[in-house]
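Residue numbers (our numbering), protein chains in the order written: chain B, 1 to 219; chain C, 1 to 341.
Since the hints were made in silico from the structure, they are not lab data.
Please note that a few of the clues may not be correct.
Stated by the list, open to error - Label pairs and their calculated CB-CB ranges:
hint, chain 1, residue 1, chain 2, residue 2, range
1, B, Leu154, C, Asn65, 20 to 28 Å
2, B, Lys45, C, Glu3, 44 to 52 Å
3, B, Pro35, C, Ser40, 46 to 54 Å
4, C, Glu118, B, Ile31, 28 to 36 Å
5, B, Phe53, C, Asp132, 23 to 31 Å
6, C, Val220, B, Ser67, 24 to 32 Å
7, B, Leu154, C, Pro39, 42 to 50 Å
8, C, Asp132, B, Met137, 28 to 36 Å
Stated by the list, open to error - One side only, chain B facing chain C, incomplete, derived with CB under 7 Å:
hint, residue
9, Thr43
10, Asp46
11, His47
12, Gln52
13, Ala76
14, Gly120
15, Ala124
16, Met128
17, Gly129
18, Ile136
19, Pro142
20, Arg219
Think of the CB as a built atom: it goes at the ideal place given N, C-alpha and C, for glycine as much as any other residue.
Single-letter residue listing:
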Amino acid sequence: MNNLTQYSELIWNGTLETLYMVGVSLFFAVIIGLPLGILIVITRKDHIAPCQFIYRILDTIINIGRSIPFIILMVAIIPFTRKLVGSSIGTTAAIVPLAVAAIPFVGRVVESAMLEISPGVIEAARSMGATPLQIIMKVLLPEALPGLILGITLTAINLIGYSAMAGAIGGGGLGDIAIRYGYQRFRVTVMIATVVVLVLLVDIIQWIGNKIAAYYDHR
Amino acid sequence: MIEIRGLYKNYITAQGSLTALSNINLNIKEGEIYGIIGPSGAGKSTMIRTLNLLEVPDRGSIMINGEEITALNKKELRERRKKIGMIFQHFNLLSSRTVRGNISFPMEIAGVPDAEREEKVEKLMELVGLSDRADHYPSELSGGQKQRVGIARALSNDPEILLSDEATSSLDPESTDSILKLLKKIRDELNLTIVLITHEMDVIKKVCDRVAVMEEGQIVEEGKVIDIFVNPQQPVTRRFIKTVIDYNLPEGLNITQKGRLVRVSFKGESTHKPLISLLIKKYNIDANILYGKIDEIQGIPFGTLILDLEGSDESIDEALEFIGQLGLAVEVLTDEQSNSI
């Protein structure tokens, strides 16, 4: 218990760093991933703006983005990170690769949520003379909302996992603490404490996500 | 109101080219309820979707109110669609919106001001009898209620035409009847033109003024519903009529093969003529009634009789000719038919 008190500030700071990295990277991942997901849905064959060319390109980009291991992606985009935030190490610098890794993930999540919508509902909107933009804003987004919320929750939880690797570029956070103190210095208590905090964090995020999704789900 | 000329549509599938519509010609008048019936795969679903260009035909012309809709650009087409309401078999309501929100939806798309929209929604909910369900979500409604929302939604932009795509096919018989009554009511009150497709002859019988029978992408028979019922020409039409008026004779029934088995259909005034007694008196034959039913189609009495006529071939021939002269439709059922039709 003493050890835990001794390290509590460390873990508290780590928690804040993790939340900061995950929160900001999730924000950017959604900002970019959502339009990406919408685009890959509507350019499908038989959807509201079919375009094989765009669909294929986006599909390929997403697949490539998702198949690169995070640790490699993080190192590979260091020049890009440096340009964007002025540094390639530190918590803020870790946000860039986290967001980049999450964008294609969000894209797929958005895609699968929107493909759940019955084609008949979209056809009905077309039969009323809706423009593609109206269909996106008034049909696709509101109808997919519960699925989108669950998908974003899933992304947040995945980002917590990825953020553990951010320690490799001095990003800090709970995962970094677990590796440096718990693994490398054999501070088992610290390791257990960080794991407990991570479990709680994931649990709370999932719980909140489920609640919000259920609130909007009238299916 | 709607004039269709030489409509063709092919689908390219993995198995090759599939003809969905082949040389379709139709005239649909203002204020009528026009039914299109056909077995699944006959092309009726494609047919109705060409009327608001959800399906674009390969060839042919579709004039609505004198306007060639296949020639419209995207923007003009969207405007046109606002005046063509459509209802669907699976309702296709937005699950994220309440009854009120769903009915309001097409008006939002059309940019109707808030106040006007709210007023219209109230009116429409009253028209379809759902005022007490205004804030319910579709998942909380029965199938019949969902279709009422669908109808109110389709009417919200004051359409001239209502397209009904198997609107009652996933409803129980009671809801089907109430939806069909509602369709009739709105046609009468709003003078809408309704085009509906169905695979249920009962729907045609209950609400349609005219009907087209489709098979393999073609219209094989077309006319007033009563005429089609009295005197069907095509086997597919007969099959459909049989689903409503079942004159199948029980297999165990031993029909003496001395005479001839005939089906006599009659409508309107001729239902009042004492046919059987005339036959017996005039032609010296015996008429054995195996089946009889009087029904009503669009307010016109309509009857079917299955008779086993016994007598000499000659007198039976004469008798049949006489029935024809009375303006009744006669169909001789061969041995084969009597079992299989």
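Tell me the hint numbers this structure goes against, listed in increasing order. 1, 2, 3, 5, 6, 9, 10, 11, 12, 13, 18
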